[in-house]
Amino acid sequence: MSSKPTFRSIQAGSPYKTLGRWQTALIFITNEVGIGILSLPTAMQTLGLLPGIIAIVGLGLLVTYTGYILGQFYKRYPTVMNIVDCCQVMGGVPLAWVGAIAFELNIVLACASALLTMSIALNTMANHAMCTIWFVAVPAVVSCLLCIPRKFKFIAHFGIPSTISVVPALLIVMISLGAADRPQRAPPGWEKKIVVIRHPTFRDGLNACLNIAFAYSGNQGFVTVMAEMKDAGKDFTPALVMLQAFAIPTYTIVAVVIYALAGEYTTSPALGSAPIVPAKVAYGVLLPCLLGTAIVFGHTAVKYLFVVALRRIGAEEDYTRNTKRSWPLWIGIGVVFWILAFLLANAIPVFTSILSIMAALFVAWFTFGLSAVLWLFLNWKTQFSSKRRTALAILNWTIIVVTIFVNVAGMWASVSSLLAVFGDPTQEINGPFTCADNSLF
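Just so you know, we're using the UniProt record's numbering here: the sequence shown kicks off at 1 and counts up by one.
Bear in mind the hints are in silico, worked out from the structure with no lab data behind them. Be aware that one or more of the hints could be misleading.
What the hints assert, rightly or not - Cβ pair distances, simulated, as ranges:
(1) Leu171 / Thr323: 42 to 52 Å
(2) Ile197 / Thr426: 22 to 32 Å
(3) Gly423 / Ile133: 14 to 24 Å
(4) Thr323 / Gly92: 40 to 50 Å
(5) Thr323 / Leu50: 54 to 64 Å
(6) Asn127 / Gly233: 33 to 43 Å
(7) Val401 / Ala129: 44 to 54 Å
(8) Gly314 / Val335: 18 to 28 Å
(9) Val93 / Thr323: 25 to 35 Å
Beta carbons are placed, not taken as given, at the ideal position from N, Cα and C, and that holds for glycine.
Whole structure, please, built from the sequences with the hints as guidance.
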């Protein structure tokens with residue numbers, strides 16, 4: 001890894017800096033509002049109605065603050081191109097390598113979760129017509145092909161259909177639950193019971209919070225997108241506000257309504273709570289959202305690896321050029337990346353478990369903890385210079401401590417829950433790389 005943080009001298013004035021405020025907001029929404037929303041009703045069922053609302057809104061406001069810190073850091077260091085460059089500014093090449101490995105593992109897990117969710121959708125719509133491994137492979141190939149264009153402006157086109165598709169899909173579920181006499185898996189004569197405040201076990205409560213945190217994991221791609229904005233200093237904060245003004249109310253409404261209608265038979269992904277026919281329709285409508293989420297995450301990761309590879313071979317000038325060297329390198333990186341995502345989706349075949357593992361290992365840092373570290377880096381000498389800065393310093397130190405706790409306790413909760421599913425004789429999924437029907441999850 002080179003000590004040079006970016007290709008800014010190459011990018012200056014290049015056609016790659018093309019994103020405006022609205023395109024940026026669409027990319028942010030595509031990046032964030034997707035797979036994570038499908039686990040929120042179950043998280044609310046686990047926590048109870050009131051704690052669930054507090055957790056969704058509270059984490060949404062906190063992630064808005066940590067996203068704002070990323071924008072402030074970019075203003076101070078406008079040469080960074082991704083979150084790993086931020087690590088390099090703070091700690092040089094060694095910290096950059098740590099950040100790079102974590103960044104890539106995090107995003108490949110995110111793409112694996114997207115592939116897994118698409119396999120659940122395809123299994124549901126096709127009545128498990130073939131082995132689940134093939135239902136993971138097909139979305140992996142499609143995602144790989146759609147990641148071939150190198151500009152984020154192409155990826156921005158997925159924002160509109162992705163954002164549009166998630167709304168009617170969830171409306172189908174909510175309307176069908178309201179019209180039906182009971183959720184899909186509820187017995188005849190079922191009586192709805194909504195718990196305002198539940199008292200889950202530590203493991204279940206932590207897993208629910210991890211699933212909510214995953215729903216807000218779009219921050220990790222913010223810096224990469226800012227590097228391609230026409231005027232990040234002016235447009236980033238409005239785009240961030242537009243994202244959260246859409247995400248927080250949407251997350252809260254969807255979680256409350258589906259839990260209120262499905263009660264203890266709320267499933268994860270949430271679309272499985274609906275009667276079978278509406279569930280199939282909803283999954284079909286949601287597929288563009290799932291695919292868009294996979295492509296935006298995948299494109300972000302592939303672009304970073306592409307940048308690193310060009311630096312290693314001394315071909316920085318190929319970053320914005322279409323050459324015989326740049327295109328095979330770009331496509332090769334993409335193919336390897338999506339093969340890894342395919343393998344991980346089959347290795348962790350349970351929806352809530354893959355989200356929780358990812359949230360415990362990486363989302364806790366990239367969405368919350370790292371931003372707090374960046375704030376301390378920017379304000380180290382003045383963090384206690386006033387009452388306001390002291391309060392912010394206490395907040396950011398607290399975020400770091402909680403992040404470390406979540407790494408340890410969250411990983412234990414996630415893995416133990418996954419092993420419990422594998423050991424449950426009533427579950428079809430009893431291990432990795434299985435052909436079993438995963439649509440019931």
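> Going back to the hint list, which numbers does this structure go against?
Replying inline: 4, 6
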